[in-house]
Amino acid sequence: MSVAAEPFLQHHFTTAEQQADAGKIGMWLFLVTEILLFGGLFVGFAIMQGLHPEAFLQAHRHLDRTLGFINTVVLLSSSYTMVMAVWSAQNERRKRLIVYLLLTIAFAGVFLGIKYIEYSHKFHEGLLPGRFYHHAGDTVPGQFMFFSFYFMMTGLHGLHILGGIVAISWVLRRAIRGDFSHKYYTPVDLVGLYWHLVDVIWIYLFPLLYLIK
Amino acid sequence: MNAWIRSIIMPAQGTAYAGQVDGLWLFLIWVTVFFFLLVAGLVTYFVFKYRRRGPNDRTPNITHHTGLEVAWTLIPLALVILIFFWGFRSYMEAQVSPAGALEIQVTAKKWVWQFEYPDGTRSINELHVPLGKPVKLVMTSEDVIHSFFVPTFRLKQDVVPGVYTQLWFQASEPGVHRLLCTQYCGRGHSDMGGKIFVDNEKKYSDWLENGGDAGKNMPLAQLGALLYQSHGCQTCHSLDGTRGEGPSFKGVFGHEVKLSDGKSVLADENYVRESILLPQAKIVAGFGPIMPTFQGMLREREIQALIEFVKEQK
Amino acid sequence: MEPNYLSTPRGLKSWLTTVDHKRIGVMYLASILFAFFLGGVFAILIRIELLTPGRTIMSAETYNRVFTLHGAIMIFLFIIPSIPASLGNFVLPLMLGAKDVAFPRLNLASYYIYVAGALLAVGAMVTGGVDTGWTFYTPYSTTTNSSVGLMTLAAFVLGFSSIFTGINFIATIHKLRAPGMSWFKMPLFAWGIYATAIIQVLATPVLGITLLLILMERVFSIGIFNPQLGGDPILFQHFFWFYSHPAVYIMILPGMAIISEVIPVFSRKTIFGYKAIAYSSIAIAAVSFLVWGHHMFVSGQSQLANAIFSFLTFLVAIPSGVKVFNWIATMYKGSISLEAPMLYAISFLLLFAIGGLTGLFLGALAVDVHLHDTYFVVAHFHFVMMGGTVMAFLAGLHYWWPKMFGRTYSEKWARVAAALIFVGFNVTFLSQFVLGSRGMPRRYYNYLDQFQPLHVFSTVGSWILALGFFIMAGYLWVSLRKPCDAPANPWGAVGLEWQTGSPPPEHNFEHVPLVTHGPYDYSQPVSEPEEVQA
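Residue numbers (the working numbering), protein chains in the order written: chain A, 11 to 223; chain B, 5 to 318; chain C, 31 to 564.
Okay, chain A solo, but in the shape it has when bound (with noise of 0.2 Å):
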């Protein structure tokens, strides 16, 4: 078979099908994994927050609710504008395909930057993790608690945003060298999978943390 009829073919699939369908799995696979990994935090903290309902209370007060939203808003766009690469690539539409995957970027840079905002405002307030804790005037102690798990589970999805970066800038790169037609654009596919998730923790991290009542 020529190359250009099985584009970046491994030689031990037999059909570009099943390539994908086995990369497809994989990522799916390793995305549970993902789901695990962040839910062990999630139950930790629901634990920890029903041991200490006040001091999670007082203590997420701290929290934007402004800028959470907006980063909410931001990362949905970049779902939106990564579903729209994934669209680009199979319909080989290359332009727009790079043009998507640069706003896919750019978004998830805005939202490290207001994350970044975000923790400058607690290490100034001494809102910080555990023993680190040393915000003045609390009337309701064990407030650090909460902030050890804020920086935890925001810390572990922006060291993912970051990592989608890099993927995102892998498959950039490979869109840039043409190798995505409508008979391969598996990476994207996948690394769009991987975005979703990103995006989806997101969502549930947002109320968790942010919205509590």
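It is possible that some hints are incorrect.
DSSO-like mimics (lysine-lysine), calculated; alpha carbons at most 27 Å apart, straight line [claimed, not checked]:
id, chain 1, residue 1, chain 2, residue 2
1, C, Lys215, A, Lys34
2, C, Lys363, C, Lys305
3, A, Lys34, A, Lys105
4, B, Lys254, B, Lys315
5, A, Lys223, A, Lys125
6, B, Lys262, B, Lys315
7, B, Lys318, B, Lys254
8, C, Lys215, B, Lys53
9, B, Lys53, C, Lys442
What the hints contain is simulated information worked out from the structure, not anything from laboratory work.
Keeping the supplied structure of chain A fixed, place chains B and C upon it in accordance with the hints.
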């Protein structure tokens, strides 16, 4: 036969409940023996009977037998469900203490057991309980997780910092029972043992009155040596010069001791006494302020005994 | 000898950058065998120390590090990867008729991640070791000043190696079976690996987050497990065992998978109850996630939780029993030959039976209260992990050795080693059931004088075991130095891996095999490899 198995495998029975547990335990041993002999027997028999005779042996194409699958699924299932209920019933008996049980507070700390009785008496590493009466232990830890294990009672309960856990029993024979820590807790884990003394009524109330003075007529230094072991001093203070969590007693008495604040002090009777009752007052240089106080847990004579004992360590 | 995956391509670089599942399997094999040796050295040291009640050759602090490292190395560096990463990697694609696993580059990454984790573990060892026990219970693990950080980091990294292997195998089994190989025409080894992979993917991330939380607790005092800060030390146990219980099925399922291969071959008879065994594997994987609390019966957990966990624990025992009966039934009216692989398979049957049956004692609440954290538990898990998994691993190693390396080994010396290992194992560990029953706690440096005779007996057993393994190392090494002398199908086995050379060529098969019959069809005598066409 059962008695023989029990004598090899099981510790003595210190309570009626222990006997109950042993009943299930023995049943499980027989179940194990039966199934193991079945497996081993069949395997051995087949290996002989069906050994390969030549390179062209033909074997029947037996792929499955639904009836057998059902049988060897359902019969073991019934058996394990029986075992579950038996184990659960017995377990619940040990979990629910009768009303009016005598409550004793237990505090575990690396690496001693501290007991406090309702009348305020305190003891270390030795627990005294009345014969034939239900006793409930309310337990917590001051540091890491420990576990209170009495093999002859067939009882065990983790002792956790920040919460209270419970254990109850009713001793049925007078005597002495071993207590062992059974949740790994660091260097002194295997030294964190104790004894449970089951006393008849008179002996028990005597003990509470006098704090159970076993060493009433013992020479002081000998009593001191006993206390050194029973109250856990040995887990941190060696007698041969080896450095532990605390300084060795060897050659200490009568000499100058360097303290962590730079001062020096003579290690005389007052120094030893203060070290036992107010251990944080003077810390030897190079050691941490971790020794627990024995205030209220030693009779005057016992303190004197320990002083004499330390004096002897040249 | 024909060119094969060992000989071509040549050069160290070709090995270090290989994406060939067979080469990766061999590299894993060498690594896990080394880990086993290291863990074994620590075991011998433990047993020497326990010859006498007080100090024998080391202090209590050293002893606590030695038993922790023995556990951590054996579990994270040896047994979890062992069968899947070495034998599984090598054999799975071959027996499915595939040219490689689904993601060969991920496979290589998996291996290098394993190496990175191993180096971190070595780092923890040389910076003073860890003294928490491999279970890292809090608050001890979050407050002790041994190298807990490095070791938890090592285990975290190793977890990814395990996860990636699991992802790879699931995708391989779904998409790379040869034409005609439906799910129920797949060898049972693949079913076992599949069930294992499911657990690897679902359970390991939870371990990952648990280890991360210990690290955060140590560095930041986040408070989650610290009662003084409002946390819950028992929460750690829930998190930890949620992974670590399914982990023990990661250990045993591949072993069972090998037994399902070896017994039919050496009984020259089709497997009895194929579907029962396949479904049992999946059932074990599923129920394994529901029983973690049986490690915590005396932790202070509620009575209701204890009852539920005890009940489910008994349920998970049933499918394992079903498998044992099916394997024995396979031997019925078979044509049984006792070469080394079969000797180990039979050892497995006997020793796993004891291991599994003693699990009943531990699942029964009232009896577990007495036996928990004693040597009874130590004996139980060594019977299932060593008497079970290691015996099965050795069966598989001896079974596939000629295929992997193209060389035979000395059957005579293999039998000597197998006998020594079987005897040595029983002497070492049977006595520990008695020790534990009589009240000897685990992780004890010092012990009551009355326990000494049994400890001495157990230690002597460990020396017999060690001798057996040294002899095995000897004849296997000699085997590797010989020229290739193994035929394609030395055991007369049915299965696609035997339809290609020993060792196999680089791309496994000349043509994609077409599967027309089941994997255990011994209705015809098996001799030379059949010609298969795409």
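Hint check results:
Between C/Lys215 and A/Lys34 the alpha-carbon distance is near 24 Å, which keeps this suggested pair within the 27 Å criterion. Of the pairs offered as hints, the one joining C/Lys363 and C/Lys305 holds, with about 20 Å between alpha carbons and a cut-off of 27 Å not exceeded. Straight-line distance between C-alpha atoms of A/Lys34 and A/Lys105 comes to about 25 Å, which keeps the hinted pair within the 27 Å bound. Pair hint B/Lys254 plus B/Lys315 holds up; C-alpha atoms about 9 Å apart against a cutoff of 27 Å.
For the proposed pair A/Lys223 and A/Lys125, the alpha carbon gap of about 23 Å is at most 27 Å, so the pair holds. Straight-line distance between C-alpha atoms of B/Lys262 and B/Lys315 comes to about 18 Å, which keeps the hinted pair within the 27 Å bound. Of the pairs offered as hints, the one joining B/Lys318 and B/Lys254 holds, with about 5 Å between alpha carbons and a cut-off of 27 Å not exceeded. For the suggested pair C/Lys215 and B/Lys53, the alpha carbons sit about 30 Å apart, so the restraint of at most 27 Å is broken.
A distance of roughly 23 Å separates the Cα atoms of B/Lys53 and C/Lys442; the hinted pair therefore holds under the 27 Å criterion.
Of the numbered hints listed earlier, the single one contradicted by the structure is hint 8.
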